[in-house]
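Trainee: Spelled out, the chains give:
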Amino acid sequence: MKNVLVISQHAPFDDQHIRESLDMALIFAAIDQNISWLLSADAVLALKKNQQPELLGIKNYFKMIKTLELYDVENIYVCEKSLMDFNLTKENLIIDVKVANFEQQRALIAQQHQVVTL
Amino acid sequence: MKNVLVISQHAPFDDQHIRESLDMALIFAAIDQNISWLLSADAVLALKKNQQPELLGIKNYFKMIKTLELYDVENIYVCEKSLMDFNLTKENLIIDVKVANFEQQRALIAQQHQVVTL
Amino acid sequence: MSTLHIFSKPLSHYCINTLENLIDSNHAVLLVGDACYNINQFKQFSATLHLLEEDAIARAISLNESDIHISYAEFVGLTLSAQNTITW
Amino acid sequence: MSTLHIFSKPLSHYCINTLENLIDSNHAVLLVGDACYNINQFKQFSATLHLLEEDAIARAISLNESDIHISYAEFVGLTLSAQNTITW
Amino acid sequence: MAQFVLSLHTAPTDHDTTQRLIKFAEACIAGGHTISAIFLYQAGIFHASNHLELASDELPVKQLWQELSAKEIPLLLCVTAAEKRGLDTQDTGVFTVAGLAEFAMLASEADKWVQFK
Amino acid sequence: MAQFVLSLHTAPTDHDTTQRLIKFAEACIAGGHTISAIFLYQAGIFHASNHLELASDELPVKQLWQELSAKEIPLLLCVTAAEKRGLDTQDTGVFTVAGLAEFAMLASEADKWVQFK
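Chains as they are written, first to last, in the numbering used here: chain B, 1 to 118; chain R, 119 to 236; chain V, 237 to 324; chain P, 325 to 412; chain H, 413 to 529; chain Y, 530 to 646.
Heads up, a few of these hints could be off.
Simulated restraints, written as ranges between beta carbons of each label pair [claimed, not checked]:
{"hint": "1", "chain 1": "R", "residue 1": "E192", "chain 2": "B", "residue 2": "F102", "range": "48 to 58 Å"}
{"hint": "2", "chain 1": "V", "residue 1": "A309", "chain 2": "B", "residue 2": "R106", "range": "47 to 57 Å"}
{"hint": "3", "chain 1": "H", "residue 1": "S468", "chain 2": "B", "residue 2": "K81", "range": "36 to 46 Å"}
{"hint": "4", "chain 1": "P", "residue 1": "N364", "chain 2": "B", "residue 2": "F102", "range": "17 to 27 Å"}
{"hint": "5", "chain 1": "V", "residue 1": "Q280", "chain 2": "B", "residue 2": "K81", "range": "45 to 55 Å"}
{"hint": "6", "chain 1": "H", "residue 1": "S468", "chain 2": "B", "residue 2": "K66", "range": "13 to 23 Å"}
{"hint": "7", "chain 1": "V", "residue 1": "A309", "chain 2": "B", "residue 2": "N92", "range": "28 to 38 Å"}
{"hint": "8", "chain 1": "P", "residue 1": "N364", "chain 2": "Y", "residue 2": "Q595", "range": "39 to 49 Å"}
From the derived model, a few chain H residues whose C-beta atoms are all more than 12 Å from chain V [said to hold, decoys possible]:
{"hint": "9", "residue": "L466"}
{"hint": "10", "residue": "D469"}
{"hint": "11", "residue": "K474"}
{"hint": "12", "residue": "T501"}
{"hint": "13", "residue": "Q502"}
{"hint": "14", "residue": "D503"}
{"hint": "15", "residue": "V509"}
{"hint": "16", "residue": "G511"}
Calculated directly from the structure, the hints in this document are not laboratory data. Treat the numbers as computed from the prediction; the structure is a model and nothing was measured. The beta carbon of each residue, even a glycine, is placed where N, CA and C say it ideally should be.
Can you build the whole structure from these sequences, using the hints too?
Mentor: So this is what it looks like as structure tokens:
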């Protein structure tokens with residue numbers, strides 16, 4: 001079993017970056033690898049509560065993020081500084097995440113066999 | 119006749135941004151509009167002398183930049199601060215340009231009918 | 237008649253150090269799409285920011301009284317009242 | 325065994341304020357493509373930077389003694405000697 | 413009443429920019445203005461692909477373009493941008509293949525050019 | 530000797546990234562290593578278009594892929610990424626249409642995964 005980390009830094013509706021990150025995380029979980037997902041910078045906004053892209057005609061992919069737990073993707077990390085930059089706290093997020101400071105993020109990276117940025 | 123300004127900010131080999139900026143500038147010159155081109159941020163590197171992308175197998179489009187004068191595209195502006203950021207001076211560039219400070223760039227923008235960023 | 241500057245991404249997406257100096261304080265700034273998430277990031281450009289209301293609501297952004305929330309008809313109007321438009 | 329960080333664009337392309345804190349001083353940093361233009365921008369990450377020589381030469385970048393210029397064979401070697409690789 | 417040209421620079425996977433351009437175009441028409449062209453440039457040219465396959469709960473990109481086309485707004489794409497990106501220019505649906513010069517003419521005759529990206 | 534997977538995330542218009550991935554792949558092979566897949570993801574899937582038209586002084590993208598294919602390196606593309614971007618997945622030249630799962634398996638068996646963008 002490999003440790004695989006997906007890192008996302010793009011805004012929620014910037015092309016398909018976050019959706020393809022999500023796909024990648026789910027696929028590695030499905031083939032029983034030890035997958036982690038780190039959302040940093042603008043990507044933390046993808047976890048913000050009460051968003052309704054369907055009002056714009058866009059698919060509400062945030063609902064798919066909520067299913068991560070069902071698929072045993074439990075290692076979801078959010079950059080502490082990025083949350084603060086957007087005035088968000090754990091309570092403003094749609095899923096339960098691990099808030100990580102930079103030292104914890106570096107430790108996370110050090111444990112990985114493969115790291116992919118999407 | 120319209121005043122049209124193309125603004126470029128991407129690095130020289132970042133996809134086709136600079137090449138498509140150049141195409142746009144040449145086309146507006148060909149249809150006799152008053153075209154200007156402003157290169158700012160990483161885009162100023164596209165004017166750096168002695169580059170040889172053909173060594174990488176990539177087309178040397180810098181030669182096409184040198185033909186701008188032939189096509190009467192004379193209003194080529196370069197951001198003064200960006201040149202300094204990359205330790206470049208007018209003498210390091212492949213064509214004769216107008217080095218513009220921010221005030222001059224704002225005045226340039228104020229004169230335009232259409233502005234396009236590429 | 238001045239310039240209308242349109243942003244569709246959070247500020248980190250842009251070359252801030254060259255950009256901030258190109259926007260005059262009398263220019264209009266419009267935030268659409270993902271630029272709506274953090275309005276404060278753009279306050280340095282202009283005291284009054286325009287927000288595309290539909291985009292902001294879909295992102296659960298609380299509308300602030302100091303900002304101007306606009307419809308698509310007003311977005312069209314802004315482009316018409318500006319000398320020119322720059323989509324960064 | 326540490327991480328190899330690969331950059332292919334000038335620094336302004338990246339989310340610098342979250343990135344700089346993810347690179348340990350013992351990590352390896354490799355500049356390829358347009359990242360080679362301004363090596364100094366990346367000095368904050370590591371005192372020793374690796375440059376893909378072919379990419380630097382094509383861009384008329386004068387090679388500095390304090391930087392390590394590598395071939396493609398050495399690029400492959402760097403990925404093998406690293407615990408993992410991140411292309412930013 | 414004013415004459416607009418709009419240009420789209422993002423790929424069809426950018427659903428957010430796509431819906432915004434389309435709503436802006438509709439608001440122009442509703443306001444009595446004219447759109448002399450919506451021009452696909454850069455990665456925008458992929459909107460003219462006939463192989464877009466999207467699930468039914470996604471933004472109905474193809475249908476939205478058909479609706480705009482029915483309003484007789486000229487939908488153009490840049491042939492040079494398309495060829496170097498690998499788009500099949502023989503089969504571009506409601507979009508018409510055009511040269512950059514053709515668009516530049518329309519842009520220089522228009523009152524306003526608004527880019528979407 | 531090590532086993533690599535490489536993934537390409539940029540469109541064929543990014544000639545610089547393309548030539549770099551190809552030279553890296555060649556250096557892997559020359560060094561006696563194995564490449565279990567080069568995987569096209571995100572905008573990289575457009576490398577599998579059969580409609581790329583480039584002038585003779587441009588990077589010969591198509592020919593470079595054919596040369597890698599002749600070295601029996603598996604060239605894969607992600608079908609989901611392709612469908613939502615409008616690539617014709619019936620006609621992908623030297624590239625084989627694959628699911629993301631197939632690539633993820635190869636990536637988790639490989640010693641190294643290197644991304645190119």
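Trainee: With reference to the structure, classify each hint as holding or not holding.
Mentor: Checked hints:
1. In this structure the hint that E192 (chain R) and F102 (chain B) lie 48 to 58 Å apart at CB holds, the actual value being about 49 Å.
2. At about 50 Å, the beta-carbon gap between A309 (chain V) and R106 (chain B) stays in the expected band of 47 to 57 Å.
3. For the pair S468 (chain H) and K81 (chain B), the supplied restraint of 36 to 46 Å holds, since their beta-carbon distance comes to about 39 Å.
4. The given range of 17 to 27 Å is respected by N364 (chain P) and F102 (chain B), whose C-beta atoms sit roughly 23 Å from each other.
5. At about 20 Å, the beta-carbon gap between Q280 (chain V) and K81 (chain B) misses the expected band of 45 to 55 Å.
6. Take S468 (chain H) and K66 (chain B): their Cβ atoms lie about 21 Å apart, and the range 13 to 23 Å holds.
7. Checked against the hint of 28 to 38 Å, the pair A309 (chain V) and N92 (chain B) passes, with Cβ atoms roughly 32 Å apart.
8. At about 40 Å, the beta-carbon gap between N364 (chain P) and Q595 (chain Y) stays in the expected band of 39 to 49 Å.
9. Taking the minimum C-beta to C-beta distance to chain V, about 19 Å, the non-interface status of L466 (chain H) holds against the 12 Å cut.
10. Residue-level check passed: D469 (chain H) sits 16 Å from the nearest beta carbon of chain V, beyond 12 Å.
11. For K474 (chain H), the condition that its CB be more than 12 Å from all CB atoms of chain V holds, with the nearest at approximately 21 Å.
12. Residue-level check passed: T501 (chain H) sits 26 Å from the nearest beta carbon of chain V, beyond 12 Å.
13. Every C-beta of chain V lies more than 12 Å from that of Q502 (chain H), the closest at about 31 Å, which supports listing it as non-interface.
14. Listed as a non-interface residue, D503 (chain H) keeps its Cβ farther than 12 Å from every Cβ of chain V; the least gap is roughly 29 Å.
15. In this structure V509 (chain H) is separated from chain V by more than 12 Å, as the shortest Cβ-Cβ distance comes to about 24 Å.
16. Separation of G511 (chain H) from chain V is adequate, the least Cβ-Cβ distance of about 23 Å exceeding the 12 Å criterion.
Going through the hint list in order, the structure does not satisfy hint 5, though it satisfies all others.
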